[in-house]
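Residue numbering for the sequence shown follows UniProt numbering, starting at 1 and increasing by one per position.
Incorrect hints may appear among the rest.
Derived DMTMM-like pairs (lysine to aspartate or glutamate); straight-line CA-CA distance at most 25 Å [unchecked claim]:
| # | residue 1 | residue 2 |
| --- | --- | --- |
| 1 | K147 | D164 |
| 2 | K101 | D164 |
| 3 | K206 | D187 |
| 4 | K171 | D90 |
| 5 | K147 | E194 |
| 6 | K218 | D200 |
| 7 | K218 | E105 |
| 8 | K206 | E194 |
| 9 | K89 | D164 |
| 10 | K56 | D222 |
| 11 | K236 | D196 |
| 12 | K171 | E156 |
| 13 | K147 | D100 |
| 14 | K232 | D222 |
Simulated DEER-style distance windows between Cβ atoms [said to hold, decoys possible]:
| # | residue 1 | residue 2 | range |
| --- | --- | --- | --- |
| 15 | P97 | P74 | 19 to 25 Å |
| 16 | G188 | I40 | 55 to 61 Å |
| 17 | D196 | P176 | 24 to 30 Å |
Read the hints as simulated data drawn from the structure, not as lab findings.
Ideal Cβ placement from N, Cα and C applies to all residues, glycine included.
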Amino acid sequence: MKPVSQKKRGKKSKPQHKPYSSKTNTSSSSKGLVWLTLIIAAVVVVIVLGINNQNKPQSFDYNELPVMGSADAPVKIVEFGNFKCPNCKDFATAVKPQIDKDYIETGKVAFYYINYSNFLGPDAYTAALAAQAVFHQNNDAFWDYYKILFEKQQNEDTEWATPDYLVQLAKDAKLPIDYDLLRKDIDGQTYKDEVDEQNDMVTPKKVTGTPTFFINGKQYGDSFMDYNSFKKAIDKAIGK
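Just need the whole structure built from these sequences, with the hints factored in.
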């Protein structure tokens, strides 16, 4: 696109010379100072509101999520995970068993799971559909399925979470569910709306990757592979 050519213009007339007025100058300076003060105040308000919103606990509909442990536990931990995520596997196989033993089995923590499955390939979404289908048949079976999905996780760059494989894993784990119904729910995407709703949570909850954890609604910011940091955060939530 060529630039638009400018028409020739006549000579500009010189602006009128106005006498200097100290009153006008002082008035302009005062107005400028007022505007500057208002702008600074507005910026401070925005920063304070941002900090408050960041520290504000997030709310979850816990009754709609898979739960491990007593729902009446004083501390609720929510994991946003992806069954094809290698970091999620590391947490599930190395750190979570310690949390299970020290906090979940002792009634201090209830652990919940939310699918963040719209990345790492279409089969990550398929795995989420399968997990959600298992949950609707049997909450406790979901956690056995959670465990075997991560234990048998394959390379994230390959599409390994096929319907056949997902059903076979459920059989291998001897889950007390209807395997034919599981396959039907995977193929028919029975729980698509629920999985989509969970994926839609990530933006308002400021979840940018997996795994991400919330402890009593507050996002956990330390290393997910450092059990001692997790322990410290849980103990703080308990009130120790």
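Going down the list of hints, with the structure as the test:
1. Between K147 and D164, the direct Cα distance comes to roughly 18 Å. Compliance with the 25 Å bound is thereby established for this hinted pair.
2. Note on K101 and D164: the hinted pairing is violated, with a Cα-Cα distance of about 33 Å set against a maximum of 25 Å.
3. Our distance criterion of 25 Å between C-alpha atoms is broken by K206 and D187, whose separation comes to about 31 Å.
4. A hinted pair counts as satisfied when its Cα atoms are at most 25 Å apart, and K171 with D90 qualifies at roughly 23 Å.
5. Among the hinted pairs, K147 with E194 is consistent with the structure: their alpha-carbon atoms are about 21 Å apart, no more than 25 Å.
6. A threshold of 25 Å between alpha carbons decides the hint, and for K218 with D200 the separation of about 18 Å falls inside it, so the pair holds.
7. For the hint linking K218 to E105, the alpha-carbon distance of about 22 Å falls within 25 Å, and the restraint holds.
8. As the CA atoms of K206 and E194 are separated by approximately 19 Å, the hinted pair is consistent with the 25 Å bound.
9. Proposed proximity of K89 and D164 is supported: the alpha carbons are some 21 Å apart, at most 25 Å.
10. Of the supplied pair hints, the one linking K56 and D222 holds, its CA atoms being roughly 18 Å apart against a limit of 25 Å.
11. Taking the CA atoms of K236 and D196, the gap is about 33 Å. The hint is violated against a cut of 25 Å.
12. The suggested pairing of K171 with E156 holds, with an alpha-carbon distance near 23 Å, which does not exceed 25 Å.
13. For a cut-off of 25 Å, the pair hint linking K147 to D100 stands: about 12 Å separates their Cα positions.
14. Distance check on the hinted pair: K232 and D222 sit about 10 Å apart at the alpha-carbon level, within 25 Å; holds.
15. For the pair P97 and P74, the beta carbons lie near 21 Å from each other, so the given range of 19 to 25 Å is met.
16. Here the CB-CB span from G188 to I40 is close to 58 Å, well matched to the stated 55 to 61 Å.
17. Taken as a hint, the range 24 to 30 Å holds for the pair D196 and P176, whose Cβ atoms sit roughly 28 Å apart.
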